[in-house]
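Line by line, the protein sequences are chains U and F. Heads up, the first sequence is in this note's numbering, so the first residue is -6 and it goes up one at a time. Heads up, the second sequence is in this note's numbering, so the first residue is 70 and it goes up one at a time.
Derived by calculation from the structure, the hints in this document are not laboratory data. If you're wondering where the values come from, they're calculated on a predicted model, not measured in any experiment. Just so you know, even glycine gets a beta-carbon here, dropped at the ideal spot from N, CA and C. Be aware that one or more of the hints could be misleading.
[To be verified] Quick list of simulated restraints, FRET-style, between CB atoms:
id: 1; chain 1: U; residue 1: P298; chain 2: F; residue 2: N229; range: 29 to 37 Å
id: 2; chain 1: F; residue 1: N229; chain 2: U; residue 2: R296; range: 44 to 52 Å
id: 3; chain 1: F; residue 1: R175; chain 2: U; residue 2: H605; range: 52 to 60 Å
id: 4; chain 1: F; residue 1: K227; chain 2: U; residue 2: Y750; range: 29 to 37 Å
id: 5; chain 1: F; residue 1: D105; chain 2: U; residue 2: G725; range: 35 to 43 Å
[To be verified] Calculated from the model, a selection of chain U residues having no Cβ within reach of chain F, i.e. all distances over 10 Å:
id: 6; residue: E134
id: 7; residue: N504
id: 8; residue: G660
Spelled out, the chains give:
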Amino acid sequence: MTDPKITPEIIAKHGITPEEFERIKGVLGREPNFTELGIFSVMWSEHCSYKNSKPVLKTFPTKGPQILVGAGEENAGVTDIGDGWAISFKIESHNHPSAVEPFQGAATGVGGILRDIFTMGARPILNMNSLRFGPIDGDDETARRNKRLFAGVVGGIAHYGNCVGVPTVGGEVYFDESYEGNPLLNALCLGLLRHEQIARGAAKGTGNPVFYVGPATGRDGLAGAAFASRELTEESHEDRPAVQVGDPFMEKLVLEAVLELLQTDAVVGIQDMGAAGLTCSTCETASRAGTGIEIDLAKVPQREPGMTPYEIMLSESQERMLVIVQKGREAEVQRIFDKWDLPWAEIGFVTDTGLMRVKNHGKVVAEIPAAKLANDAPVYYREAKEPSYFAKTRAWKITELPPLSDPQKILPELLASPSVASKNWVYRQYDHMVQTRTVVCPGSDAAVVRLKLSSPPAKDRYLAITTDCNGTYCYLDPKTGGAIAVAEAARNIVCSGGRPLASTDNLNFGNPMKPEIFYQVRESAKGITEGCNTFNAPITGGNVSFYNESPTGAIDPTPVIGMVGLIDDAAHITTQWFKNQGDAIILAGNAVDTADPYLGLGGSEYAKRIHHVKAGLPPRIDLPTEKKLQDAVLALIRAGKIKSAHDCSEGGIAVTLAESCISKHPGRNKAELIGAKVDLSAFASGTRLDALLFGEAQSRIVLSVAKENADAVVAQLKSQGVPAAVIGAVGGDALEIKAGSVACKWNVADLYDGWWYSIARKMA
Amino acid sequence: MKFGIIQFPGSNCDLDKLWVLQDVLKQEARYLWHKDTDIGDLDCIVVPGGFSYGDYLRTGSIARFSPVMKAVADHAAKGKLVIGICNGFQILCEAGLLPGALLRNRSLQFRCEHIFLRIETTKSPFTNAARASQIIRVPVAHGEGCYFADPATIEELKKNDQILFRYVDADGKVVDTASPNGSVENIAGICNKARNVCGMMPHPERASENALGSADGRVVFESILNHLRGSKPQ
């Protein structure tokens, strides 16, 4: 088989611009051959090179005393948690594959992020995810397609994570028209390791052998990184061969073998073959070590005969790793691979030439300076322009919302809205308890896991973890939306009893070549930066996913934040549901933000779901105010004064209160419901009823405390500059809310039914 | 007491079993590799959950052929204890050490949640520490946990008091909706006729510490310890 000639058409087909082609010639000092062109196309794709996002990513706070391995240094960052222990975590997207083949797209997304984590030497102890789909209401063709994508993605995550034995402890799912045709799957994995176990992806030591381990290379996933760096079109289903097929059993074997291998000191460097497969792992490991690498493709296990060097180098077959071994220690490594019955091959060695030299049966088929290939992709400072849709969204006035006359029927509707409703249809498909670490299961503000650092009954330590982003807020004002994503993540950590430690980000946007999209990227990043600085939770790594556009347009900007917090003592672990009859309910924060022209209703679930309006500005966020609130609440939790804490987000105070009444769920078909009697009249004069009940003003937490502690807790909050008031008491079998002349009463069993079963009913 | 926990390729609850036996209950426990055959020193074999050999065929259908399973059969034939949990239950059925089979959940979905179990008999090495008809709250996590056997076998199980656990609602009633998988007669766990081999789909090791929200599952391990203490010369 002869390689195609390099023509302008071939170059364009690889997504390489004429200027980039000139740059490639400059790197090589000659024209690339076909294999080399393919190699450059994947390494210089957005997915691998971050060429369009680097200038933005550089602005993120990535440093801190807790950071052991920083963002971008390795496959994933590593964060200190004390006593010689560390965590490694990262979030990564698999949006395009999930759009064309939801089950395998999602499954391999989970597989990829797991490998990034155990490659660092960490044992994965939890998975999370952040998902977005088009609406699943009704039964028309669009809704059916959205449901199929939703069911497929959830099924794929379950298939992979459950088999590997890593619990999926939580996440978030939102539904919005903007994700129709371009759903989002962002998968997060977190692993635990000792400081001295940190593994590096560097090909050090001239002459050291390079091993390939894992299943044979096939034609699946050819150039997936390049596929992910294009917009989705009507023809995208033809790209289905770019989606890989996952084998979680193989992953489990590779995971165990790698962790066993890293217990020996025979490994010099290790990297998974993820996006851009063999290409990326060879040139990046050589580049990090400042060395060269030489491999012979004839030695690479191949699934089918007749594969070309181009195909072998660009394949994204799953569950494969590249391992650089100390010379003379090969036998130890082989013994471990054999123990786990894993296919392996010695495919090459480290050189001092600085070149990535690829041979096929001894003949050189590609020769590229490794560091330049890995690092010298062009960096683009894209043009940004304020989106023209702002003119329309910001012309909207809150007065255009009709006054709320009957809140009685609105609250059940909001609770049944799929974005707000219980996600048990999702998380009951995930094994969220394997490894016996999960202390707070999905269904509270953040998941809480124990680290099992010592045998019981010794004191253990705990992590709280959450993912957050409201795409609608980001659409209406990207900077505010970015800041709120971070603030809400931190608030969820605090409500669970933790203090924020570090973050990971997944930037999901449309095509960055469009100035209005790039504006969204740049502004969201500003908000994230300010947020991370406020809460001392630097970014430890993450992922960028651009080109999330379908024929109907770009997705709402969705910069997802995953945040981890540390909980020092089991006594601090706090859940969102009310605990005991007679406890006082306290609102910490202002009931309504009078400085917000939209009173918290802009971009709210209420405006979207009930009035079909996606306009205005998102709720205002004042980060110092938020920080004060979080510090004060965490101090009270640590002092043992708080029985429940629940952050106010989508659906406002009414939904928050309802969730605190109905979300304790000890077992199958067994909910422990409890009512509440709340009076918001003190805040009702001079504001709108809809804003008071369903507005989404930021920096609010609903607490419950023992009655005798109520006054002291309110006083304590106020002394820290946090507005606070007792708004009611826990008890009874109804949620009653009074606001001036309006009084509503909902049976908690009815609220529960509509909220718990909503998604299952839509998916039935 | 000495416990052996089998590790098949794809087992993923092996660590949890070791934790509960060694760290929580302070017993001697070690892993058995699927190629091991030397298990004569052990009092109780634990076949853990997971996806042995990927379970891409029928669950447990490949694991039953592994070398260690021959040794487990010999161990059981001597009257020594074997407990299979989740995938372990599936494997023991495939290996013929327990009657019946586990089919796909009727929902066709994986189910992970806390369920309620009723202890159906205390006359077994796996339930002797429980109160009669005690209700315990433990998690399930499986896609193929729907217990099935022909009517004659079910009758036999009942006649011999081999049904150890049934899925019940929170009030202890056997109702269809209490079962996460659609098992025949809500069966969640059984023992063999000789009463020394147990299989159960729920995960008692995930509910053996208060830190996890329920320590109800501990009764299974405490029963085993009771039994072993009683059968050993002091």
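key: Hints violated by the structure (numbers, ascending)   = 1, 3, 5, 8
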